[in-house]
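Participant: Protein sequence lines, in the order shown, are assigned to chains A and B.
According to the numbering used here, the stretch in the first sequence is residues 1 to 463, in order.
According to the numbering used here, the stretch in the second sequence is residues 464 to 945, in order.
If you're looking for bench data, these hints aren't it; they were derived computationally from the structure.
30 Å max Cα-Cα, derived DSS-like pairs, lysine-lysine:
1) Lys149/A / Lys325/A
2) Lys307/A / Lys933/B
3) Lys286/A / Lys325/A
4) Lys943/B / Lys286/A
5) Lys307/A / Lys927/B
6) Lys658/B / Lys688/B
7) Lys933/B / Lys325/A
8) Lys933/B / Lys286/A
9) Lys847/B / Lys681/B
10) Lys943/B / Lys927/B
11) Lys325/A / Lys658/B
12) Lys325/A / Lys664/B
13) Lys35/A / Lys750/B
14) Lys664/B / Lys688/B
15) Lys579/B / Lys174/A
16) Lys664/B / Lys681/B
17) Lys35/A / Lys688/B
18) Lys681/B / Lys35/A
19) Lys307/A / Lys918/B
20) Lys849/B / Lys307/A
21) Lys847/B / Lys927/B
22) Lys174/A / Lys664/B
23) Lys849/B / Lys825/B
24) Lys681/B / Lys750/B
25) Lys825/B / Lys918/B
26) Lys927/B / Lys904/B
27) Lys174/A / Lys325/A
28) Lys750/B / Lys174/A
29) Lys35/A / Lys579/B
30) Lys579/B / Lys688/B
31) Lys307/A / Lys943/B
32) Lys904/B / Lys847/B
33) Lys847/B / Lys825/B
34) Lys658/B / Lys35/A
35) Lys325/A / Lys846/B
36) Lys846/B / Lys825/B
37) Lys174/A / Lys286/A
38) Lys904/B / Lys918/B
39) Lys688/B / Lys750/B
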Amino acid sequence: MPFIPHTQEDVAAMLASIGAQSIEDLFDEIPADLKCGGLEGVPAGEPEMAVTRLMHERAAQDGFYLNFIGAGAYEHHIPAAVWQIVTRGEYYSAYTPYQAEASQGTLQLIYEYQTMMTRLTGLDVSNASLYDGASGLAEAVLMAVRAAKNGSRRVLVPGTLHPRYRAVTQAVVKNQNIELVELPFDPASGITLLDALKSYEGQPSAALVIAQPNFFGALEAVDPLTDWAHANGMFAIAVVNPLSLALLKAPGQWGGAGADICVGDGQPLGVPLASGGPYFGFMTCKQALARQMPGRIVGRTVDRDGKSGFVLTLQAREQHIRRAKATSNICSNQGLLVTAATIHMSLLGAEGLKRVALASHANTKVLIEKLCAIPGVTRAFNAPFFHEAVLRVGSESGEVLRALRAQGILGGYALGHDFPGMEDAILVCATETKTGSDLDRYAQQLERILSRRREAPPCAYKS
Amino acid sequence: MLIFEHSHAGRRAQAQAPQQAAAADDLPAELLRQEAPGLPETSELDVVRHYTRLSQKNFSIDTQFYPLGSCTMKYNPRVCNSLAMLPQFLSRHPLADADTGQGFLASMHELQEMLKEVTGMAGVSLAPMAGAQGEFAGVAMIRAYHELRGDSERSEIIVPDAAHGTNPATATMCGYTVREIPTDRQGNVDIEALKAVVGPKTAGLMLTNPSTLGVFEKTIVAIQKIVHEAGGLTYYDGANLNAILGRVRPGDMGFDVIHMNLHKTFSTPHGGGGPGAGPVGVSERLKPFLPIPYVVEDKGFYRWAEEADCPQSIGRMSAFGGNMGVLMRAYIYARLLGREGMHRVADYAALNANYLAVELNKAGFELAFPERRASHEFIVTLKKLKDETGVSAMDFAKRLLDYGYHAPTTYFPLLVPECLLIEPTETESKETLDGFVAAMKAVKQEAEADAELVKSAPHTLPAKRLDDVKAARELDLAWKAA
Ligand SMILES: Cc1ncc(COP(=O)(O)O)c(C=O)c1O
Chain A
1 MPFIPHTQED
11 VAAMLASIGA
21 QSIEDLFDEI
31 PADLKCGGLE
41 GVPAGEPEMA
51 VTRLMHERAA
61 QDGFYLNFIG
71 AGAYEHHIPA
81 AVWQIVTRGE
91 YYSAYTPYQA
101 EASQGTLQLI
111 YEYQTMMTRL
121 TGLDVSNASL
131 YDGASGLAEA
141 VLMAVRAAKN
151 GSRRVLVPGT
161 LHPRYRAVTQ
171 AVVKNQNIEL
181 VELPFDPASG
191 ITLLDALKSY
201 EGQPSAALVI
211 AQPNFFGALE
221 AVDPLTDWAH
231 ANGMFAIAVV
241 NPLSLALLKA
251 PGQWGGAGAD
261 ICVGDGQPLG
271 VPLASGGPYF
281 GFMTCKQALA
291 RQMPGRIVGR
301 TVDRDGKSGF
311 VLTLQAREQH
321 IRRAKATSNI
331 CSNQGLLVTA
341 ATIHMSLLGA
351 EGLKRVALAS
361 HANTKVLIEK
371 LCAIPGVTRA
381 FNAPFFHEAV
391 LRVGSESGEV
401 LRALRAQGIL
411 GGYALGHDFP
421 GMEDAILVCA
431 TETKTGSDLD
441 RYAQQLERIL
451 SRRREAPPCA
461 YKS
Chain B
464 MLIFEHSHAG
474 RRAQAQAPQQ
484 AAAADDLPAE
494 LLRQEAPGLP
504 ETSELDVVRH
514 YTRLSQKNFS
524 IDTQFYPLGS
534 CTMKYNPRVC
544 NSLAMLPQFL
554 SRHPLADADT
564 GQGFLASMHE
574 LQEMLKEVTG
584 MAGVSLAPMA
594 GAQGEFAGVA
604 MIRAYHELRG
614 DSERSEIIVP
624 DAAHGTNPAT
634 ATMCGYTVRE
644 IPTDRQGNVD
654 IEALKAVVGP
664 KTAGLMLTNP
674 STLGVFEKTI
684 VAIQKIVHEA
694 GGLTYYDGAN
704 LNAILGRVRP
714 GDMGFDVIHM
724 NLHKTFSTPH
734 GGGGPGAGPV
744 GVSERLKPFL
754 PIPYVVEDKG
764 FYRWAEEADC
774 PQSIGRMSAF
784 GGNMGVLMRA
794 YIYARLLGRE
804 GMHRVADYAA
814 LNANYLAVEL
824 NKAGFELAFP
834 ERRASHEFIV
844 TLKKLKDETG
854 VSAMDFAKRL
864 LDYGYHAPTT
874 YFPLLVPECL
884 LIEPTETESK
894 ETLDGFVAAM
904 KAVKQEAEAD
914 AELVKSAPHT
924 LPAKRLDDVK
934 AARELDLAWK
944 AA
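So here's chain B without its partners, still in its complex pose (with noise of 0.2 Å):
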């Protein structure tokens, strides 16, 4: 049921709103409106109840395992949010003064420089509000640099077929053609391709480490030369840095510009879409091209850095500054592991990875890439179960989800046919990884024995297969009264 279809007409929640309407008799009749907006009219206990059970329905990391490759989802530390919610951080307004905000200013200003020191970047901007927003400001970084030296010739960035779908869609966003070029088969990117489309006109090349395909890319150090050596910039896509924290930093790897996804490495959480956070880092020469706005520090006293301290800036990224609750969940997930704390992330993440692919490999999965290491994440493939069975990745996905368990990440990368994307991370145990393996044993023993079964899965949940094509067709995207 529908919150509408609990709608009674004339109730309300009564406690929440002023007792009494008051008037508005200056407002001039023609800007009113005429007709309320038909919104439901339900007491509290509605209101509770409704979206308490509606909750029940999903499934979490709170609630399940929840291998999602590329998401990175970890457990969300309950202790950043009550502190990210004490009530003078809620209640402080966006544009009061810097003096009314000391103790803000000075968390962000850290989360900025142990930003800087995980990445190796010279400087770092928060304003990002989702990975694929820093990627926009990492981008238009690249153009602002290129268009100050007058090179105006620069009209293509360099995007690998592996890349997540934010990079050539951002590199649109920015003006720029999008130039794909091909992965070896051991999963890095093609060198001869790579040198064949480099040239005058490359702006730039968007490379994600370790890549969608689970492996560090090996030559990221020629690669980069290359780019360089043709005047492009190199852009790191950090959406993966939960594999690499604390072990190998992009700033030391020669990179001008990535982005972080603190909804990922930094363990906010991601409010079932959003919202997330993006900071850039950049290298000196980007620097004065960075989004505001960012925090400075003068003799102890932080501020947020505007248009008059930074004239060559690309600008702001939203009205506000950037999704400030989400990068103090950051700042406090940060402050409770240390850096200490951020060494094991990576080793834990990898460990738990390497170990989760050995073993569903020994239960009889292949592996994308069997001679590479796994880095955070892996990729099993079901191509032969789909010509031996007719059971693809996204009905073994739904089956799984049967089991109790979130299914992985399906069709992404696009390289790899039926795959399934895997990461664990690292706050998961031993025993969720063999339940979860002893889940992956069954349905593929299902799905030899009984195709059908995982065909129709799931059988458990809130909802049967839902039919996306009569979805798209038949658009139904507001709810109207019978």
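Next up, chain A with everything else stripped away, as it sits in the complex (with noise of 0.2 Å):
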């Protein structure tokens, strides 16, 4: 029986002393006509060897593709050492760190993760983890409008921020009639200027969220945006990607008093892409803020002895003790990814990290450049941007990206479903883990896609 030791002696010896006569005793209590038949939709069981067999056939379907798709989840070196650590039965195979004195490398491994998400974010305070970046940003929502002193529902949301952050945010914060206002963003520059913010002055509103890099890869003003908020007696949210932050100014310096509260995804410091997750969401805030943080947190403290320790803090907060009064229903975050995030940003330092940030960077500088130099595709915004960037390609896009698939590109991701008037248009990112011919092979295929389609256009495409 995979997983269940019990010999047959085993069994009889329990029921014997429980006082039962098969273990279909055990379920005297449960009404007879509830019993369930057999379960047909479930196969039968395989062993390892076939499993392995079959997920290795469905992992060669697959197969790799040269990827340059970035919009919120970014392919990154991950040292080796990180996951052979982090999937130490030890680290993988522990509960929650409830029982603090049998939980210390968790406890202390979450405390260094909190300082360094404090020093990446130059803010006070971090929690343990939320669950992805966009849920993050809800609870950040949430915790804005619960701390407003001006007791507004209403948060003004920037329209370069990722569509599906929003998508998230107002499917959480909609129950509670929260009202997410979209500013626009200026179609030359592809950033927010203060200008769209103007009719909101003087009305009460919660927070500014401020996404840095925007979705669009363009780096807003945050210091300007950042006082503005604050001028204006709101929350100012940061929204970022904790890797540009070896590079770029942190939010607790945004402006003249910071950012208040901070989260984004940690995918970029060691997670792997996976189709998706698990990732991570972060969050830091200021002080002030802290006891309406959402989620776990860990604290420093002495034992009996007076010798350092760690222990789960400030649970006052959290669902296991206020239930209804709670900051937020989350249990369960996503604490082995945190370990790696830990390793990760120990093993790179801030100058690893920044050397990533910056060839990222350059190697995104050196695509655009490329692809611009090829008939018909232009930049679609002029703002400075950071290791991605949009181009329109003037063709419909979500078709050209298909020719690249069919050459083993993935070539970006498509706007023109979440961006009406932006069908020609691609989202495109080349991290640190591309090469100067990988470069190149995109831009031939590209090249040589669209002058096949200048030459005989589809029919379907209309101009």
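Dock chain one against chain two, each of which comes alone in its own frame, and use the hints as you go.
Facilitator: Spelled out as structure tokens, the structure:
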């Protein structure tokens, strides 16, 4: 019996001790008419060898692609040491560290992680993770609304925010009648202009969300945006790529007073793409907001001998203590990914992360240059960008991407679906994992595809 | 020592970052960081040694018996990890087109179908990333259902007092008021109390079964009838699915929505706190509201259903669809077990729980519900011991650590004073259970003979009893160099 160690003698002895005739007897409190059938919809069990073969076949079927999609999930090199340590049973198969004395490994690691995140983001307090960046933003919005002195249930959200982040946030906060107001972006630069905020001056809102870099890879003018939020009595919520913070100004330093809450997806810090997860959401904030934070937090304390040690703390915010009055319903978080990120950040250090950020940015710049040399390809926006940018290819982008895919290249993310009027736009990203010849290969294939389309435009396409 | 205290200016794990720092002169100076973030400066060996040593300060399933009630700490098969981490699966971008991931998507689709079968529900979405998010999706669907019908007076969710904290917290997060109802002396929902609160304001009832008291809710069909007749929907917290897998199905009992904790029943690892996966299953009437994405199959081609496919969906729970790697591990586990293995899960989980309960009872421990069968878990109350010796459930739990056993869940559910909620799971052997009984006996004797020894436990772990009060009063949440 897979994973069940009982011998027949064990079963007999245990039933005798219980005073039952059979295992069946142990279910005698369940109404008989509820008993279910044979689960015919579940296939018969297979031994490890057969399942291994099956999964290898499925993996081979999916294969490998030369990937230039970013859009919130980024392909970076992950040192081998990271996942070898993460999958040690002592991390992998432990529960939440409720029994602190038997969980000092996990607890100390989270404390180190919290320290790293406060330093990266320039804020005071970090929690131990949320599910992902998008649900993290939803939690940040709830937190801002709870803490807002003006009692407003409205939050201003830039049109340059990742559309999926917006969708997730909306799915959560609509249940509490919180209104998200979308701000228009400047079509030339691809960023949020202060002008777009003018009409909200003097009206109470709980927070302004600022994404840096924004979904288009473009860099927002974070200082004046943060100052504007504070001047108008609202919190500034930063949504950032943590890798970019090795290079870009920390949210805690934005404007005169710094962003109040910072969230994002930790995936670029040692977490593989893996079709979408598990990743982890991070959240940091100013000290004054610490008691409004959702999720677990680790604190340093001492033991009976006065020796330093670590425990879960500020638990009076959480569902297992406060129940209906908790700051969030979150219980299980994304601990193992935090383990990966902590080891990853330790291995790379500030200089290593900065080099990864710079190399990714340099590769993207070279790629953009090469692609923009192809007739008909132009940059969509003129604002400075970080390691990702939008190109217009003069042809329906879905079809262009399909042609690239046939050549083994994932050429980027098509924007037409989320941004009407951008049906020919592609968001592209080349991280440090790409070589010069990878970039050349993309440029050559795109040139070939586009020139063929110019010569013989597909009849379905109307310009 | 913290990793920061191993730091030396200028040291780096050289092999692992680009050899040169590229220029970024195109970026405006006012957007750049002036000072490097204070991350550790360490060699690769420093890091490997530090985090390997830290790991050794943890208890885990791989190293200890871990009978943590409500958490289903069963063996996490290693092969599930190695196959979920095949390089093609790990390197696939979440926004890559469906035709690049048919192997992956087929696996997810089969998992959905298997979960439908074991729960008896009409539809399943894998989107929620943990139990609590599954609860959120479930209650949000209940809300969407009432709203679509214009039934806008329903503002309350009924939750038994034995429920896990995520239940009431979820109801609040979905904009509902919580109505708590008591439990009777047999550990069942108090039917009269339910009848008294149910009414036109009832949006739904959240029920955990077997309840967190470790017993099967005997009147589960009657309970639902009461709620349904009042126009409310019923929610099944399936965190304890291990107890009934292959025995009974929430769908057959008439529930409208259920979440499962795959990091319990389907043996995916807890990872020191997560990640989990909390798929939701629904009855026919809630299908249009399922969270997206979920996999649809069309003539052998698999793809994610998105907004356009399901306009009434409650929406997305995450940017990229869910905890795919966890779902992959659950799928592999399900293929290894197969249908006959699913039946065995509940059978042997119940055998182990009932055996352990009986043996502990014989050893002088008081069961909270002695006249009931244990499900996959059960409760011991140490109230008498506390009254006689001053040793609390917490003290007792800490002393068990010294014996090399992870403690059971303490102080949950809140209804039973000085409780230990004990869940052995099906993957533990009789010898392990017998060893645990012996340790429980030994601690009890210690408590009676020398209470101080137990009250000051643990004595042999990397840390002695830690000061929670100081941690909360003098907050130290991030390291600052002295
Ligand atoms: C009964 C019950 N419901 C819900 C949950 C919440 O699950 P999760 O921690 O995955 O959010 C748990 C787990 O702790 C539980 O035991």
